[in-house]
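Put chain B on the given structure of chain A with help from the hints.
The listed protein sequences correspond, in order, to chains A and B.
Numbered per numbering that gives the first Met the number 0, the first sequence spans residues 0 to 460.
Numbered per numbering that gives the first Met the number 0, the second sequence spans residues 0 to 460.
Treat the hints with care, as some may be off.
[Stated by the list, open to error] As a list, the in silico DSS-like pairs of lysine-lysine whose alpha-carbon atoms are at most 25 Å apart:
| id | chain 1 | residue 1 | chain 2 | residue 2 |
| --- | --- | --- | --- | --- |
| 1 | A | Lys288 | A | Lys313 |
| 2 | A | Lys288 | A | Lys317 |
| 3 | B | Lys288 | B | Lys313 |
| 4 | A | Lys309 | B | Lys226 |
| 5 | B | Lys309 | A | Lys226 |
| 6 | A | Lys226 | A | Lys92 |
If you are wondering where the hints come from, they were derived from the structure by calculation, not from laboratory data.
Protein chains: 2
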Amino acid sequence: MSADWFRRRFLPRGPLPAPRPPRPRASPVPYRRPRFLRGSGSSSGTADASRRPDARPVRSPVRGRSLPWNAGYAEIINAEKSEFNEDQAACGKLCIRRCEFGVEEDQEWLTLCSEEFLTGHYWALFDGHGGPAAAILAANTLHSCLRRQLEAVVEGMVATQPPMHLSGHCICPSDPQFVEEKGIRTEDLVIGALESAFQECDEVIGRELEASGQVGGCTALVAVSLKGKLYVANAGDSRAILVRRDEVRPLSSEFTPETERQRIQQLAFIYPELLAGEFTRLEFPRRLKGDDLGQKVLFRDHHMSGWSYKCVEKSDLKYPLIHGQGRQARLLGTLAVSRGLGDHQLRVLDTNIQLKPFLLSVPQVTVLNMDQLEPQEEDVVVMATDGLWDVLSNEQVARLVRSFLPGNREDPHRFSELAKMLIRSTQGTDDSPIQEGQVSYDDVSVFVIPLHHQGQGHSSH
Amino acid sequence: MSADWFRRRFLPRGPLPAPRPPRPRASPVPYRRPRFLRGSGSSSGTADASRRPDARPVRSPVRGRSLPWNAGYAEIINAEKSEFNEDQAACGKLCIRRCEFGVEEDQEWLTLCSEEFLTGHYWALFDGHGGPAAAILAANTLHSCLRRQLEAVVEGMVATQPPMHLSGHCICPSDPQFVEEKGIRTEDLVIGALESAFQECDEVIGRELEASGQVGGCTALVAVSLKGKLYVANAGDSRAILVRRDEVRPLSSEFTPETERQRIQQLAFIYPELLAGEFTRLEFPRRLKGDDLGQKVLFRDHHMSGWSYKCVEKSDLKYPLIHGQGRQARLLGTLAVSRGLGDHQLRVLDTNIQLKPFLLSVPQVTVLNMDQLEPQEEDVVVMATDGLWDVLSNEQVARLVRSFLPGNREDPHRFSELAKMLIRSTQGTDDSPIQEGQVSYDDVSVFVIPLHHQGQGHSSH
Numbered sequence: 000m001s002a003d004w005f006r007r008r009f010l011p012r013g014p015l016p017a018p019r020p021p022r023p024r025a026s027p028v029p030y031r032r033p034r035f036l037r038g039s040g041s042s043s044g045t046a047d048a049s050r051r052p053d054a055r056p057v058r059s060p061v062r063g064r065s066l067p068w069n070a071g072y073a074e075i076i077n078a079e080k081s082e083f084n085e086d087q088a089a090c091g092k093l094c095i096r097r098c099e100f101g102v103e104e105d106q107e108w109l110t111l112c113s114e115e116f117l118t119g120h121y122w123a124l125f126d127g128h129g130g131p132a133a134a135i136l137a138a139n140t141l142h143s144c145l146r147r148q149l150e151a152v153v154e155g156m157v158a159t160q161p162p163m164h165l166s167g168h169c170i171c172p173s174d175p176q177f178v179e180e181k182g183i184r185t186e187d188l189v190i191g192a193l194e195s196a197f198q199e200c201d202e203v204i205g206r207e208l209e210a211s212g213q214v215g216g217c218t219a220l221v222a223v224s225l226k227g228k229l230y231v232a233n234a235g236d237s238r239a240i241l242v243r244r245d246e247v248r249p250l251s252s253e254f255t256p257e258t259e260r261q262r263i264q265q266l267a268f269i270y271p272e273l274l275a276g277e278f279t280r281l282e283f284p285r286r287l288k289g290d291d292l293g294q295k296v297l298f299r300d301h302h303m304s305g306w307s308y309k310c311v312e313k314s315d316l317k318y319p320l321i322h323g324q325g326r327q328a329r330l331l332g333t334l335a336v337s338r339g340l341g342d343h344q345l346r347v348l349d350t351n352i353q354l355k356p357f358l359l360s361v362p363q364v365t366v367l368n369m370d371q372l373e374p375q376e377e378d379v380v381v382m383a384t385d386g387l388w389d390v391l392s393n394e395q396v397a398r399l400v401r402s403f404l405p406g407n408r409e410d411p412h413r414f415s416e417l418a419k420m421l422i423r424s425t426q427g428t429d430d431s432p433i434q435e436g437q438v439s440y441d442d443v444s445v446f447v448i449p450l451h452h453q454g455q456g457h458s459s460h
Numbered sequence: 000m001s002a003d004w005f006r007r008r009f010l011p012r013g014p015l016p017a018p019r020p021p022r023p024r025a026s027p028v029p030y031r032r033p034r035f036l037r038g039s040g041s042s043s044g045t046a047d048a049s050r051r052p053d054a055r056p057v058r059s060p061v062r063g064r065s066l067p068w069n070a071g072y073a074e075i076i077n078a079e080k081s082e083f084n085e086d087q088a089a090c091g092k093l094c095i096r097r098c099e100f101g102v103e104e105d106q107e108w109l110t111l112c113s114e115e116f117l118t119g120h121y122w123a124l125f126d127g128h129g130g131p132a133a134a135i136l137a138a139n140t141l142h143s144c145l146r147r148q149l150e151a152v153v154e155g156m157v158a159t160q161p162p163m164h165l166s167g168h169c170i171c172p173s174d175p176q177f178v179e180e181k182g183i184r185t186e187d188l189v190i191g192a193l194e195s196a197f198q199e200c201d202e203v204i205g206r207e208l209e210a211s212g213q214v215g216g217c218t219a220l221v222a223v224s225l226k227g228k229l230y231v232a233n234a235g236d237s238r239a240i241l242v243r244r245d246e247v248r249p250l251s252s253e254f255t256p257e258t259e260r261q262r263i264q265q266l267a268f269i270y271p272e273l274l275a276g277e278f279t280r281l282e283f284p285r286r287l288k289g290d291d292l293g294q295k296v297l298f299r300d301h302h303m304s305g306w307s308y309k310c311v312e313k314s315d316l317k318y319p320l321i322h323g324q325g326r327q328a329r330l331l332g333t334l335a336v337s338r339g340l341g342d343h344q345l346r347v348l349d350t351n352i353q354l355k356p357f358l359l360s361v362p363q364v365t366v367l368n369m370d371q372l373e374p375q376e377e378d379v380v381v382m383a384t385d386g387l388w389d390v391l392s393n394e395q396v397a398r399l400v401r402s403f404l405p406g407n408r409e410d411p412h413r414f415s416e417l418a419k420m421l422i423r424s425t426q427g428t429d430d431s432p433i434q435e436g437q438v439s440y441d442d443v444s445v446f447v448i449p450l451h452h453q454g455q456g457h458s459s460h
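Bound-form chain A, shown alone (with noise of 0.2 Å):
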């Protein structure tokens, strides 16, 4: 991407062009639910027909079959919020191969051996919104667009520090103190293959959405094992914790038109044609009306961490790029997530006003090292959609955890039992944790990820 293809993109000299009809040209992307639900339940071709909000089945993986890792899964479809589960999740084994430089001068790539140099793992849920089909484009190429990308960097990643050259040959004799002094770790190429792939992603689903005719996007969040290390990847509003005796880490941050408010700002700082004159980029307490006109007001510009006031202006009264607070605050009056995959049509309703621009498809990536981590026996790693964390906190979650687990070392198929009770304490039934009231309405997907003698210390060639 350069920054002319953003001008072209999203900049056309002149009144924007009205949104193309969709013309499709492929078959819309059939729903499903993640295969690894096969035999567990409701037909995965149509949405669950019955749905009273006190009777949504909880699903899970059929027992018998097992994850990566013995992990555990569960969800629940949302109380008719929409006809689809627009939650989807995929799991497996990852496959690294070996590509070899050929030997000639003109050094063209060749795949030399197409069996497999490096497995790891890996896991996924995305959280789609304006329909289902962002989220299953993602669930289905992701992780290939990922095998492609460590692929294309696998020769740096198997040696003690990256080289500079791919080829290995050395031009400079220094190159690898030039490495060394700038801290490049094999991990940072697993870190920018991650970056790579979520980009490389949002192109396919923006191509495959056109094709098809279809809208919508999708929140993304990944752990992948490799190499002793659990990368964790995020691109929205999911989060995955560490759940150990004593600790609970955050492995991901949320990425919402709150937690990105300066970055918002400053765009629409830098183009403001992107808001069409009918959005300001002003954050206030509240919406502006005429009665505040000339008043002092609180604000908040893109480069201010600080409040400070500002006499009202005419301008100030649009509406704002970022409105509301919390699960509330909406980007453009649109969109709760600043970050994801998809939305390559999305405008703000009855307007031009393209909400793209404003959205990164890059994840935010933290490393779990597990050789220095040494998990015990009950460490384990819980990811899920917004719809868990809406309703639950991260203690919270640590005390279901640990409360469960224990009592429960016997049953293989544990860990989606204890991602199913997890889900049920979101539905205000049983003993549950949660405040009177605080219930989960929305779609909700989880992992539960045990740690224990995984990963540590291997890379399997």
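Structure of chain B alone, referenced to chain A:
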């Protein structure tokens, strides 16, 4: 500042105009040392005359002159790097007057009483580059800008919670609730005032330097005590830390081309014109050369935290936007800091490429709640320019503080003695804790601010 202003200022159409030759209309800013050093040694109007590297004097206020909170101060000039000491310092009482609204319908601001309303204290360090003028102007000006900005919002600061309207009129009955929901606290108004004051001061410096035909820039590190809180605002590579018996806590972080790489690369991505075809915005482990052409080498772009490989093209051989590691890292081959005041005229040597668009004057602000902290006898804040931190780590400084203070309880001047001792520890003399060869040849300035029995729980009226 508006986007249009930015474009007009930094992106003229056609070839860039040659920098205007300075036409001095005002007399140059006279060189001086901080006022509170008067009587402490060499005269303040000239540079220190004889300066053998091993015989540079460490200066501190004369015994008997006390700084706010009985803070200590010491400084040393660089080892012949420049004619003048380019560091500057300022401290004093901060007197905020109350401005009250008139009762008239037209609501003009009236200063009804001009006596002190709120008082605080102020300590500041400025590390100049390209001449001493910007640092001297900042030392002369920033506290006035801050007082003005605080007076503009003082009505909001003295309330339990900042009112939506500065007039105190309540236009919408639920305004206090909106402010509450946004989590806006009175300290956010001080943070906002500090942010605005830095920007205002930057504009003043720009005007004054242009008028006097001088050049230069400086970093700014400011501590402000107000209503039981200590605010630390930083723009540049100076540093403040809190040292307690059992704790060392950073109160600022450094802003350099390395720490702000993504912001700087992002701007070059948005406005490639700023590089005038002379620089590449991409980061590589070292500067590339002809032999690298066509090779796949490690690189990083603005959206990447991780690293990846790219095939080297000719444009990648240009000089990098950010080059060098650690202390050697430079922005556009020129500047070692990415935030600060001044540098309005600074250009890359022999080109028209401007540095200013890449620099921020806005500080990062951290807040220390003195009531919660319950400072003990020997808790201090150490503020110093980079000359100290290049040679001593936070932990080494903390050890020196803890070893010095208990043995010197009777000396009323002990905090300046401590500041002097810290500086001597950077000179490779005494029984210094630094490693062989690690000696500071830079200007070094240090404030040591004792926290015990200071600034707690009282808002003076």
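Cross-check of the supplied hints:
| no. | hint | result |
| --- | --- | --- |
| 1 | Lys288(A) <-> Lys313(A) | 9 Å, holds |
| 2 | Lys288(A) <-> Lys317(A) | 9 Å, holds |
| 3 | Lys288(B) <-> Lys313(B) | 9 Å, holds |
| 4 | Lys309(A) <-> Lys226(B) | 23 Å, holds |
| 5 | Lys309(B) <-> Lys226(A) | 24 Å, holds |
| 6 | Lys226(A) <-> Lys92(A) | 13 Å, holds |
Comparing the model with each earlier hint shows no violations; every hint is respected.
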